[in-house]
Amino acid sequence: MDHLFFGYFAGVIALTAVLVVAFRNPIYSALSLLIMFFHVAGLYVTLHAEFLAAVQIIVYAGAILVLYLFVVMLLNLKTDDRYHSQWRAAGFVGGPLLIEFLVLLAGSLAAPPAALPRVDIETGDNTMAIGETLFSTYLFPFEVASLILLVAMIGAIVLAKREVPETPAS
Amino acid sequence: MTELSLRLAVSLAQIAAVMGIVMLTVMILTLAERKVLGWMQDRMGPMEVGPYGILQPIADGLKLFFKEDIVPAGANKFMFSLAPILAMVPALIGFAVIPFGPNETIQLFGMTIKPFVISDINIGVLYILAFASIGAYGIILGGWASNSKYSLLGGLRSAAQIISYELNVGLAIVGVLIMSGSLSLVKITDAQAGGFWHWYVFAFPAPQIFAFVVYVISAVAETNRVPFDLPEAESELVAGFFTEYSGMRFAFFFIAEYANMVLVSCVAAALFLGGWNAPYPGTILAHIGLEPFAWIEGVAWFTVKVYGFLFLFFWLRATLPRLRYDQLMKFGWKVMLPIALANIVVTAIAMYIYNQFK
Numbered sequence: 001m002d003h004l005f006f007g008y009f010a011g012v013i014a015l016t017a018v019l020v021v022a023f024r025n026p027i028y029s030a031l032s033l034l035i036m037f038f039h040v041a042g043l044y045v046t047l048h049a050e051f052l053a054a055v056q057i058i059v060y061a062g063a064i065l066v067l068y069l070f071v072v073m074l075l076n077l078k079t080d081d082r083y084h085s086q087w088r089a090a091g092f093v094g095g096p097l098l099i100e101f102l103v104l105l106a107g108s109l110a111a112p113p114a115a116l117p118r119v120d121i122e123t124g125d126n127t128m129a130i131g132e133t134l135f136s137t138y139l140f141p142f143e144v145a146s147l148i149l150l151v152a153m154i155g156a157i158v159l160a161k162r163e164v165p166e167t168p169a170s
Numbered sequence: 171m172t173e174l175s176l177r178l179a180v181s182l183a184q185i186a187a188v189m190g191i192v193m194l195t196v197m198i199l200t201l202a203e204r205k206v207l208g209w210m211q212d213r214m215g216p217m218e219v220g221p222y223g224i225l226q227p228i229a230d231g232l233k234l235f236f237k238e239d240i241v242p243a244g245a246n247k248f249m250f251s252l253a254p255i256l257a258m259v260p261a262l263i264g265f266a267v268i269p270f271g272p273n274e275t276i277q278l279f280g281m282t283i284k285p286f287v288i289s290d291i292n293i294g295v296l297y298i299l300a301f302a303s304i305g306a307y308g309i310i311l312g313g314w315a316s317n318s319k320y321s322l323l324g325g326l327r328s329a330a331q332i333i334s335y336e337l338n339v340g341l342a343i344v345g346v347l348i349m350s351g352s353l354s355l356v357k358i359t360d361a362q363a364g365g366f367w368h369w370y371v372f373a374f375p376a377p378q379i380f381a382f383v384v385y386v387i388s389a390v391a392e393t394n395r396v397p398f399d400l401p402e403a404e405s406e407l408v409a410g411f412f413t414e415y416s417g418m419r420f421a422f423f424f425i426a427e428y429a430n431m432v433l434v435s436c437v438a439a440a441l442f443l444g445g446w447n448a449p450y451p452g453t454i455l456a457h458i459g460l461e462p463f464a465w466i467e468g469v470a471w472f473t474v475k476v477y478g479f480l481f482l483f484f485w486l487r488a489t490l491p492r493l494r495y496d497q498l499m500k501f502g503w504k505v506m507l508p509i510a511l512a513n514i515v516v517t518a519i520a521m522y523i524y525n526q527f528k
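Protein chains in written order, with this note's numbering: chain A, 1 to 170; chain B, 171 to 528.
There's no promise every hint is true.
Okay, derived cross-link-like pairs now, DSS-like style, lysine-lysine, Cα gap no bigger than 27 Å in a straight line [said to hold, decoys possible]: (1) B/Lys247 <-> B/Lys319; (2) A/Lys161 <-> B/Lys504; (3) B/Lys284 <-> B/Lys237; (4) B/Lys237 <-> B/Lys205; (5) B/Lys500 <-> A/Lys161; (6) B/Lys500 <-> B/Lys319.
What the hints contain is simulated information worked out from the structure, not anything from laboratory work.
Isolated chain A, as found in the complex (with noise of 0.2 Å):
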């Protein structure tokens, strides 16, 4: 039953995120994106981690797609102008990318991996587990990670800020 889940949601995630990059309409890579998110919150669902499944929708399809559509609606794009030649930059990422695939899958197949150390998660809280871990081993990343997103915010304020023009001193 559970590799017959994962079966399914892995598929559709595989199908969908290639529809993302096929698709010559942008709305309909969004919407491709959106069903894809949706199956990651599946997976995490076949792995008990419904916290981060909720927290997968709430913030990626429910905020950054809808910002996603909004742009795309807003700029109104042409098909010809969104398809530069990008195979070059494309073979650059996904050369590498594609030696690193098989060079893991060749890894894994000599050796299992071992096995990551386990949350206890009897009382079946595992918002209360993620939250412990988050903010007791992971607290230093935790910290990490939310000043680069306090930088960005920053730099977006910045770059998006006009300048006002000085009044001509009377």
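Please arrange chain B on chain A, whose structure you already have, making use of the hints.
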């Protein structure tokens, strides 16, 4: 296998019952809104269909059902049909985790069933927030697919408005979550038992009164109701994102709006006003020895609270003029957000000190 199919049958029966009640409530609301608005404006409201106009919702439903379903020229037909469904499904799916009555279990065919909640999942509040945020897609895509400037502008406005106010809804709830220590709506309601001074809106040590006000205002904005109905402002945008819709597709948007109103009212009642708990300890029916019927009192209190909120929605519509768009954004980000954030800080500190001295 029989147990699985039996469980499925019971769940389906529960879902059917809840959907039936929600649909009935929506029907009542369409009439109640026109009647209440009529009375507030010194009119009679609908009076033609049936005695005192009470069959008006049925007439409206029949009319919408038989109306021609027009797809405008140049519209994206697939998206145009998908959008109403995307708007309605998230509005209805949230009711799965709402506790309508006491947290009791009954034994039926050797299974344990909770009769007043379809599914008590441990992230109930997040589940509702997640699907509430998905509801925005129906509106945005409906606006885009209609191939009309008014629709597109309505959809874009709605996207910006929902993102801004969704944040305030989420942050207003956090105070309650800190006090209850749970994300399950059933547990949160249970923790508020024993009189109205235990409801989180008044509860010691950190009354969530400000969070409550922020939640109610943001909920009105999230459901696109007056005074925040800019996505469908008729004086500027004809009818906003559903300008081009007719027939059943329009009815879907309409049902979605009213179902959303009912949902946010249920959440407000469950989180801040004790859900099905009576404002006094215990229940009267239990005190006079009718313990098996005490659930009726719980369900009745829940209904009263939810309808109180729904009346508030109508009241606001009859009273307030529409906000300007920049006022709406300024109000959301510069007034509501700081209040919600301050409430979280104060609640967290108060709960910490309270737990130290307990």
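Pair hint outcome, B/Lys237 versus B/Lys205 [Cα-Cα no greater than 27 Å]: 24 Å, holds
Pair hint B/Lys500 and A/Lys161, alpha-carbon separation not exceeding 27 Å: Holds: B/Lys500 and A/Lys161 sit about 16 Å apart, inside 27 Å.
Restraint check for B/Lys500 with B/Lys319, where alpha carbons must lie at most 27 Å apart: Holds - the C-alpha atoms of B/Lys319 and B/Lys500 are around 25 Å apart, at most 27 Å.
Holds or violated: B/Lys247 to B/Lys319, with C-alpha atoms at most 27 Å apart: 17 Å, holds
Hinted pair A/Lys161 and B/Lys504, Cα distance within 27 Å: 17 Å, holds
Pairwise hint evaluation, B/Lys237 against B/Lys284, where the allowed Cα distance is 27 Å at most: The given pair, whose Cα atoms are some 41 Å apart, is violated under the 27 Å limit.
Of the numbered hints listed earlier, the single one contradicted by the structure is hint 3.
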